[in-house]
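Trainee: The residues making up each chain are set out below.
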Amino acid sequence: MTEKYNMPDERGHFGPYGGIFVAETLIPPVQELDAAYQRYMNDPEFIAEMDADLQHYVGRPSPLYHAERWSNELGGAQIYLKREDLNHTGSHKINNTIGQALLAKRMGKTRIIAETGAGQHGVATATIAARLGLECVVYMGSVDVARQSLNVYRMKLLGATVVAVESGSKTLKDALNEALRDWVTNVDNTFYIIGTVAGPHPYPAMVRDFQAIIGREARQQCLDQTGRLPDALVACVGGGSNAIGLFHPFIDDASVKMYGVEAAGDGIETGRHSAPLSAGRPGVLHGNRTYLMSDDDGEIIETHSISAGLDYPGVGPEHAWLKDTGRAEYPNITDNEALEGFHALTLMEGIIPALESSHAMAYTMKLAPTMRKDQIIIVNLSGRGDKDMQTMARREGIEL
Amino acid sequence: MSRLAATFEALANSGRKALIPFITAGDPHPDFTVGMMHAMVEAGVDVIELGVPFSDPVADGPVIQRASERALAHKMSLRRTLDIASEFRKTNQQTPVVVMGYLNPIEAMTYEGFANAAQRADIDGVLTVDLPPEEAKEFSDSLKAREIDPIFLLAPNSSDERIKKMDEIGSGYLYYVSLKGVTGAGHLNSVDVENKLQEIRKNTRLPVAIGFGVKDAETAKTIGNIGDGVVIGSALISKIEAHLDEPELAKNEIVELLTTMRLALDSLSAS
Ligand SMILES: Cc1ncc(COP(=O)(O)O)c(C=O)c1O
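Protein sequence lines, in the order shown, are assigned to chains A and B. In terms of our numbering, the first sequence opens at residue 1071 and continues consecutively. In terms of our numbering, the second sequence opens at residue 4 and continues consecutively.
Only true hints are included.
As a list, the in silico SDA-like pairs of lysine to any residue whose alpha-carbon atoms are at most 20 angstroms apart: (1) A:Lys1226 x A:Arg1201; (2) B:Lys78 x A:Glu1372; (3) B:Lys168 x A:Glu1102; (4) A:Lys1240 x B:Arg73.
Away from chain A, derived, C-beta distances all over 12 angstroms, residues of chain B: (5) Ala13; (6) Arg92; (7) Asn119; (8) Asp144; (9) Ser145; (10) Asn198; (11) Gln201; (12) Arg204; (13) Asp219; (14) Ala220; (15) Lys242; (16) Asp248; (17) Leu266.
Just so you know, these hints were derived from the structure itself, not from any lab. Even glycine gets a Cβ: it sits at the ideal position worked out from N, Cα and C.
Just chain A, with the same shape it has in the complex:
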């Protein structure tokens, strides 16, 4: 690649994907947000404030950890974990909520709303809202409220109002629908902090830019620790924010392969999965054009995944573009395989990963043995598994 990667275009298009597909009332706030984002991303004072928060409040840089024992056990490439699980609140989500909340403050918005699936983005939003003294309302599908109840309690402790969404499939996409309805009703004082690289432009680009600190750090840390670039990157893909955050700073490094791991649920062949890039088709949902799980009539299909954070029928438009151009690959991992990844990392390295991240671990278990011992994989450990203890225990028939 000689020309530098420079997506999206000024109207938010990644090739045929992305764009702005929202009702008219949301156009002015989306344009206002884009203007503010363009302005503050080039404002040294804003950047300095954000960097200070990321360092002192979140605890960045997060370590790049050589999982030596696990690498040896698998017998192939050397595995390095990007430890986003060690961030304050336990996942990569806070990288983005800090950026957006500081933007909200600059824009004079007093009320913050968010959608959440696993609850990690909801917790990260409630956290920063508490710190900045902003009102916070989090929408969460009622199915997710039940399976991620620990995070619901955390959000409430942090002063947020958690609204259980009962419509549709009662999961992440329905939480997003409800947050959009709130936004359109309260556009004047409300900032919508979207938790992944979805939504209308500028969200996919903006959330990516806030998450790209993952890849920038990882790239430098890898060079510092090993003297070279990695051969492969692996990250799970729900909406795709932790994956694009890791991938983006490497896109122009042609030798670095990228694997975004989708949730295959019960298996792609069963139709019960959350893998639009593997088994979906292009369409329009939640403000952008991308790959979707949708039927012949264009209705969105219910998704299935053991991990609430991957249980989403769409995917960030930039991933759709990276798939079509072949720059990244998008394999998938079933619920059962993810559980193997979960246990493997826990027992081999003493690190309990989130079920979302466990999909990346499971794919790494397939990939590493196909590579040489002198090769390097960086895996994004996007979050810690504390929130999933109840789900895991229940699966194993244990009452906590």
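Given chain A, put chain B with the ligand in place with the hints provided.
Mentor: Frame of chain A; chain B with the ligand shown alone:
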């Protein structure tokens, strides 16, 4: 001239306002809709907006969301919505029918595929809630090539520049969303609407229909006094919802409400 343009022209010539009901196709049952459409015409409506049920209706409040869910439970779809419009057209060649919905079902048919099917169904207009003009060129062109009007939304926060854009790309009429919110919300402010309409009129000569928050004959009259037409949706669908086991009763109540609205609107031109 398109059926919509002709309808609005005739109304303007007689100093009358358009009464435009919105119902969701296939709610509460696919067999109900065609009869309901004819009954509404008899009650004096001028244009019918036929909602296409969608799994993720983000611009809609709870009433229309539930209507969508009921229709989808009967496998209603965009294709079947067009079938309903076609069936209606067999015995009514006058009343314009506008299909209103979200973009993804249209994307699934492809723009050309949908435009051809809409033409076969003799549809008059298409309003796609989540397709702003910046992304709409190709779609609008394929509709206009078949003499179908692409209809666009305007909102309280739309700038003059955007109103001009809608005027350029849209035809038939413009749909002014009277408040910031979802369908069925209840805080319409007629002074605000009146002020905004003055701004809109400066930037377009298209007829302007006003919707969101119109619940009864009184609001219809207030709003009718400001715009060229009044759209009523959730208030009608609430009647369907109140009588799910007795659709005939729902139909009667809808006809009754539309009749009082017709009278209220016509009292404007009489005075
Ligand atoms: C730990 C963790 N990883 C990954 C995800 C998936 O989101 P994304 O694909 O945007 O990174 C979530 C979402 O809740 C999460 O909590």
